[in-house]
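K.L.:
We have chain A already, so just place chain B on it with the hints.
Protein sequences appear in the order of chains A and B.
Under the numbering used here, the residue at position 3 of the first sequence is numbered 36, and the numbers go up by one with no gaps.
Under the numbering used here, the residue at position 386 of the second sequence is numbered 404, and the numbers go up by one with no gaps.
The calculated label-pair distances, taken between Cβ atoms and stated as ranges, are:
#, chain 1, residue 1, chain 2, residue 2, range
1, A, Lys59, B, Pro30, 52 to 62 Å
2, B, Glu117, A, Glu72, 27 to 37 Å
3, B, Asp528, A, Lys59, 17 to 27 Å
4, A, Val80, B, Val342, 50 to 60 Å
5, B, Ala307, A, Lys58, 55 to 65 Å
6, A, Lys58, B, Glu399, 41 to 51 Å
7, A, Lys59, B, Met74, 13 to 23 Å
8, B, Ser544, A, Lys86, 20 to 30 Å
Going by beta-carbon spacing under 7 Å, a handful of chain B positions derived as facing chain A:
#, residue
9, Phe530
10, Ala534
11, Lys537
12, Ile538
13, Glu598
14, Leu602
Simulated from the structure, these hints should not be mistaken for lab results.
All C-beta atoms, glycine included, are put in the ideal place defined by N, C-alpha and C.
Each chain, letter by letter, is given below.
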Amino acid sequence: MKLKRLFQKIEEYFNMDDEDSKKRKKIDKLLKSMDEKMESIKEKIKVAPSKSKKTKLKKQLNALKELRKKI
Amino acid sequence: MSSTILKKSIYPLFILSIAYLLFISSDAKIIIAGVAVFLIGMVFMEDGFKLFSGGMLEKVLEKSTNSIPKAIGTGFLATSIIQSSSLLTIIIISFLSAELITLSGAIGMVFGSNIGTTTTAWIVSSFGVKIKIAHFAMPMLVFGVIFRFNKNKTYQGLGNILVGLGFVFLGIGYMKEGFEAMKAGLDLAQFAMDGYLGVFVYILIGAIATVIIQSSSATMALIITALATGQIEYINALSLAIGANIGTTVTAIIGSLSSNFNGKRLAIAHLIFNIVTAFIAILFLYQLANIVDFLASKLTIADDDYAMKLALFHTIFNVIGVLVVAPFISVLVKFLETLFVEKRNDISRAKYLDNVVIEVPEAAIAVLRKEIIHLYENSTEVLSHALSLHRHTFIGIGSDINTVVEASVKKIDINIDDTYERKIKSLYGDIINFATLSQEDMSVEEKDKIYALKLACREIVEAIKDVKELQKNVNRFLNSKNTYIREEYNYIREGIATTLDGIHGLEKYDDFEVLAKIKILQDNLSSLDLIGSERIDHLIRTNAIETKMATSLINDSYYAYNVSKKLLLVAGVLWIENKEIQELGE
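This is chain A alone, in the form it adopts within the complex (with noise of 0.2 Å):
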């Protein structure tokens, strides 16, 4: 019995691991698309050709920084 139960958390043990790593690898995948997103948006910024224009990719760049926070 008390094999039995060593044997689950040695195999519970390898599984967390293993769900843990995909987990951090989707977060890393979602980080690195924001990023490129939001640099994107900067450079739309850069070269927007009204005001108005710049004022709502910033609104959309702010937005996007504070979800940034959430993850």
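P.N.:
Same frame as chain A, but now just chain B:
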């Protein structure tokens, strides 16, 4: 009356004929059993590939039709691997109905599939008739059954494929055995016919056989085994193969009668292709036979190996058909779109949902999403009218919503319950019904998507119920002499209108852009819920509004807040594809 009797009697007559054949001839019994076993093998293989590929096939097919040559190549490869043109046709029609592929891409795939189908003839002629193929069937069946009992769907799929292949080989073995035994008692070769009379008679026999058996692959297997055992002459076998191609079209046409307009369009495209191909093959039959002889010598196929030559002929005339018809696909598309025009449906009924799509999870999710967008669009009319606003005055036209709201002083007398019954309820019901049916064979991930879509549906309906609650007071204070209360209710109307306008056009943006836009709209929401607002406190203290007005305003502002919140949740589900990005916004 007589046609009904005729229709009802065809099936029993067919059963009786088969029973009679089985009774009078033990050789015919083996051949017919061989065909039956071959057909059930094809069914197992089809089911097996569906399970085994786990949606991979659909993903590949969706991305491989952006050019005609690619579509033809994809159709050819897919059919060669899965050995089932009928499964591919189901997937193509589903994707077409879900607007995941274009009609020209779909037609390209069907043409490629016609070439892919000829690989069965190669398998039968190269392995089926040369070796004791039934010996290979036994281990396939054993391991196939073992794998079928595994809990893992991939192994189950693999099991089905092995069982299917085993039955196919077994079926070929029986057909071969049956024809060999039959030769002793009845030599069908004595019925060989020369000249073009023979060609047309055997084409007709091939077509009828395929219509009866419902599978050109099974007919080709029969023809090849009969040819290999010398029961039919080579030239007659070529004619039978042309007939099998025509017969398969009849099967597709019969199948399309119960299909949607996309199924009908594809069936006609298939018919046109096969008629053109058959015409070319008949006109140049003897020349094609010479080409086959020439190519056979280059491919080191023996001169008397008529079975493989037949397989080569089958492939060549289908390839020629594709080369002749493929350049005219765009003309064909225009013709088909004129022949079968999509019916404009009543907006209160489903536009995209079709039972043919249920079998293909990716297509089912795509059409469900489109239909919920349709439901959402219907709901924007109800929501706007409940606020005495017209959609066309503020959604997607870049106007100042505050100005539009202040100018909209004419009450729109909409009975929300009645409108809900007419424009929303039946569509909602269709969506939920379809979502439930399509979930049956889906993976966990796919079921999660369906669940999110069903939730979005429910939120749309709940938003309508919430707006009903505030409609009465919106109309009551629309033209109130009390400017303060009128302004507050205009503020509520503006809040919801801003959300509706903000959601319009989100399909043009990528996931992060949609997420950002929704976040901006969500941040503006908090000002809608007035309970904590200093503004309402000031209005009460200064007696600008009566107490009853204040309580109505507080309650109605909360309903408005909920309406906008629900609409933004719906927007996230419908227009953010990536699940992780969607969750960020929740």
